[in-house]
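S.K.: The listed protein sequences derive, respectively, from chains F and H. Heads up: the first sequence begins at 159 in the numbering used here, then just goes up one per residue. Heads up: the second sequence begins at 63 in the numbering used here, then just goes up one per residue.
Just so you know, the hints here were simulated from the structure itself, not pulled from any lab data. Incorrect hints may appear among the rest.
[Claimed, not checked] Listed below are the simulated BS3-like cross-link pairs for lysine-lysine, each with C-alpha atoms no more than 25 Å apart in a straight line:
(1) F:Lys245 - F:Lys235
(2) F:Lys242 - H:Lys210
(3) H:Lys309 - F:Lys188
(4) H:Lys243 - F:Lys188
(5) H:Lys258 - F:Lys188
(6) F:Lys242 - H:Lys258
(7) F:Lys242 - H:Lys200
(8) H:Lys309 - H:Lys246
(9) H:Lys200 - F:Lys308
(10) H:Lys324 - F:Lys188
(11) H:Lys243 - F:Lys308
(12) H:Lys258 - F:Lys335
(13) F:Lys235 - F:Lys256
(14) H:Lys210 - F:Lys188
(15) F:Lys308 - H:Lys210
(16) H:Lys184 - H:Lys270
(17) H:Lys246 - H:Lys270
(18) H:Lys246 - F:Lys188
(19) H:Lys249 - F:Lys188
(20) F:Lys260 - H:Lys200
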Amino acid sequence: MIVGEGAEAQIYSELVFGKELLVKERHAKKYRIPQLDLSIRRWRTRNEARIMSALYEAGIRVPRIVALGEFTIYMEKLEGRLMKDFKSGRRTALQCGKTLAKMHNIGIVHGDFTPANIIVCNGNVHVIDFGLSGFSRDSEERALDMLLMKRALTRDMYVAFERAYSRSSKDQKAVLKRLAEMELRGRYQSRTIA
Amino acid sequence: MAVLGIESSAHTFGVGIVENGRVLSNEKEMYRIGRSGMIPNEVAEFHAENAGSVISRAVSKAGISRKDITGIGYTRGPGLGPCLQVGQLSAKILAKKLGVPIAPVNHGIGHVEAARIFSGLKRPVVLYVSGGNSQILKLSEEPFRHYKVLGETFDIGVGNMLDTFARAIGLDPAWGSTVDKYAKKGKYIELPYNVKGMDFSFTGLVTKASGLASRHSKEDLCFSIEETAFAMLCETTERALLLTEAKELCVCGGVAQSARLKEMLGIMADEHGVRFGFCDNQFNADNGAMIALVAERMLKGNCSARIGECDIEQRYRVDSAEVFL
Numbered sequence: 159m160i161v162g163e164g165a166e167a168q169i170y171s172e173l174v175f176g177k178e179l180l181v182k183e184r185h186a187k188k189y190r191i192p193q194l195d196l197s198i199r200r201w202r203t204r205n206e207a208r209i210m211s212a213l214y215e216a217g218i219r220v221p222r223i224v225a226l227g228e229f230t231i232y233m234e235k236l237e238g239r240l241m242k243d244f245k246s247g248r249r250t251a252l253q254c255g256k257t258l259a260k261m262h263n264i265g266i267v268h269g270d271f272t273p274a275n276i277i278v279c280n281g282n283v284h285v286i287d288f289g290l291s292g293f294s295r296d297s298e299e300r301a302l303d304m305l306l307m308k309r310a311l312t313r314d315m316y317v318a319f320e321r322a323y324s325r326s327s328k329d330q331k332a333v334l335k336r337l338a339e340m341e342l343r344g345r346y347q348s349r350t351i352a
Numbered sequence: 063m064a065v066l067g068i069e070s071s072a073h074t075f076g077v078g079i080v081e082n083g084r085v086l087s088n089e090k091e092m093y094r095i096g097r098s099g100m101i102p103n104e105v106a107e108f109h110a111e112n113a114g115s116v117i118s119r120a121v122s123k124a125g126i127s128r129k130d131i132t133g134i135g136y137t138r139g140p141g142l143g144p145c146l147q148v149g150q151l152s153a154k155i156l157a158k159k160l161g162v163p164i165a166p167v168n169h170g171i172g173h174v175e176a177a178r179i180f181s182g183l184k185r186p187v188v189l190y191v192s193g194g195n196s197q198i199l200k201l202s203e204e205p206f207r208h209y210k211v212l213g214e215t216f217d218i219g220v221g222n223m224l225d226t227f228a229r230a231i232g233l234d235p236a237w238g239s240t241v242d243k244y245a246k247k248g249k250y251i252e253l254p255y256n257v258k259g260m261d262f263s264f265t266g267l268v269t270k271a272s273g274l275a276s277r278h279s280k281e282d283l284c285f286s287i288e289e290t291a292f293a294m295l296c297e298t299t300e301r302a303l304l305l306t307e308a309k310e311l312c313v314c315g316g317v318a319q320s321a322r323l324k325e326m327l328g329i330m331a332d333e334h335g336v337r338f339g340f341c342d343n344q345f346n347a348d349n350g351a352m353i354a355l356v357a358e359r360m361l362k363g364n365c366s367a368r369i370g371e372c373d374i375e376q377r378y379r380v381d382s383a384e385v386f387l
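Same shape as in the complex, but just chain F:
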């Protein structure tokens, strides 16, 4: 059963040994030549898996990987609601800030950190979709993670988010400075990030 479709991958749920798993499969794109297509899909699948396991081992809440194929990741299914689908409170925002800070502290940036990629289950924040993530300690990329949340959250929620981030981050000064710079750049003034 297909549960989600992104630009580059399909997500479906599958019963494996009586347990329901989520499968993320990167499908072929006919518009690009096969060599390029294979290398992009192979690299991204591997990269995403590497990031997810690094986060899991660091104790950050992400879906656990069960098995890995060339273009597919099998992971546990989280039962919860997407943060974008309900009115979440300050507590959730605080948790998001802390989680993002922890990710950045171990040198990982998410690349698409928005309420559409956060699942709250049993009151706990879990992060999903690492398709655009990478290993990076660049303040610019960290600030981009913050910026996406700033655009998506209400003011009060963002204030809580940023406070929690600053408390847990080891590099909050540089990130917040870069964030302020980014917002002043021409390209972001007239641009709202969806």
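Here the structure of chain F is known, so what remains is to put chain H in place on it, guided by the hints.
M.R.: Below, chain H without anything else, positioned relative to chain F:
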């Protein structure tokens, strides 16, 4: 209502005449770029020398006389300052002489609207790819009607990237299309592929590819750089289509003249059941008709400028221009 449009943002001085969305004439003179590239003042001088004759030619080819002209449009930006000034001045003189209203047009809107109108689409996602610009756009009504930038290049436009590369490996001028020609006979070499959401970056690609010049054939490099760059554009455009749930797509700008890029976008659009359109190559290259086309709509929407207000803006962003449908 015949509107005359003047385009002079870069190496083309173009004049086009449009009547109710129909192109009556589209004339141009192009500055020949030698190995040195474009020197703004020299190009501007070239434009100044040719302005009079191109305007006369456009009027006579359209089969009208000067007094049939009811409005003037000119490129306000973005572009090279000295070049823009020539078009601006010609437009102001004409408007003053004929006593008709004048509309300052955004160059990018010219390309986008020409492609959208001539391919019969309503509210498509637009991939605008030229020398200096590479953007993914979609109409938005808030806070005023404009093309919102969904994604764009972090550094240089795809056209400039291909030009820089072609010069680095020693191809002949008219670089972009020369790369396209060589690409037909090449094999694939892996090159950096850089996308981030709906944004993309080309400098890593061009640096790497130029550095490989001594180790690979020109054909292989041209093929690979083109495939890689176009795949990046297709992927980000695809993401924009899915995000906005748009059912229409069009491509415009100088690089849209590439058959391969159109083929790739067509395949991608087909997979999603999206209608794909583009316009004739004469409107993808810089031209005056697209400026006239937009100016006509602006004037119909009562968006004209007083002659004293007609300025140029070298960094006139596409998303800061109001659009009149």
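S.K.: Taking the hints in turn, state whether each one holds.
M.R.: Structure-based check of each hint:
Of the supplied pair hints, the one linking lysine 245 (chain F) and lysine 235 (chain F) holds, its CA atoms being roughly 22 Å apart against a limit of 25 Å. Taken as a hint, the lysine 242 (chain F) and lysine 210 (chain H) pair is honoured in the structure, with Cα atoms around 23 Å apart against an allowance of 25 Å. Among the hinted pairs, lysine 309 (chain H) with lysine 188 (chain F) is consistent with the structure: their alpha-carbon atoms are about 19 Å apart, no more than 25 Å. Between lysine 243 (chain H) and lysine 188 (chain F) the CA atoms are separated by roughly 22 Å; this keeps the pair inside 25 Å, and the hint holds.
Distance check on the hinted pair: lysine 258 (chain H) and lysine 188 (chain F) sit about 21 Å apart at the alpha-carbon level, within 25 Å; holds. For the proposed pair lysine 242 (chain F) and lysine 258 (chain H), the alpha carbon gap of about 22 Å is at most 25 Å, so the pair holds. The hinted pair formed by lysine 242 (chain F) and lysine 200 (chain H) meets the criterion: a straight-line CA distance of about 23 Å does not exceed 25 Å. The suggested pairing of lysine 309 (chain H) with lysine 246 (chain H) is violated, with an alpha-carbon distance near 31 Å, which exceeds 25 Å.
Taken as a hint, the lysine 200 (chain H) and lysine 308 (chain F) pair is honoured in the structure, with Cα atoms around 23 Å apart against an allowance of 25 Å. About 14 Å separates the Cα atoms of lysine 324 (chain H) and lysine 188 (chain F), which keeps this hinted pair within 25 Å; it holds. Simply put, lysine 243 (chain H) and lysine 308 (chain F) have alpha-carbon atoms about 46 Å apart, too far for the 25 Å limit, and the pair is violated. A threshold of 25 Å between alpha carbons decides the hint, and for lysine 258 (chain H) with lysine 335 (chain F) the separation of about 22 Å falls inside it, so the pair holds.
The hinted pair formed by lysine 235 (chain F) and lysine 256 (chain F) meets the criterion: a straight-line CA distance of about 23 Å does not exceed 25 Å. At most 25 Å may separate the alpha-carbon atoms for a hinted pair to count; lysine 210 (chain H) and lysine 188 (chain F) exceed this at roughly 28 Å. Of the pairs offered as hints, the one joining lysine 308 (chain F) and lysine 210 (chain H) holds, with about 19 Å between alpha carbons and a cut-off of 25 Å not exceeded. About 40 Å separates the Cα atoms of lysine 184 (chain H) and lysine 270 (chain H), which puts this hinted pair outside 25 Å; it is violated.
The hinted pair formed by lysine 246 (chain H) and lysine 270 (chain H) meets the criterion: a straight-line CA distance of about 21 Å does not exceed 25 Å. Of the pairs offered as hints, the one joining lysine 246 (chain H) and lysine 188 (chain F) holds, with about 18 Å between alpha carbons and a cut-off of 25 Å not exceeded. Taken as a hint, the lysine 249 (chain H) and lysine 188 (chain F) pair is honoured in the structure, with Cα atoms around 18 Å apart against an allowance of 25 Å. Taken as a hint, the lysine 260 (chain F) and lysine 200 (chain H) pair is broken in the structure, with Cα atoms around 36 Å apart against an allowance of 25 Å.
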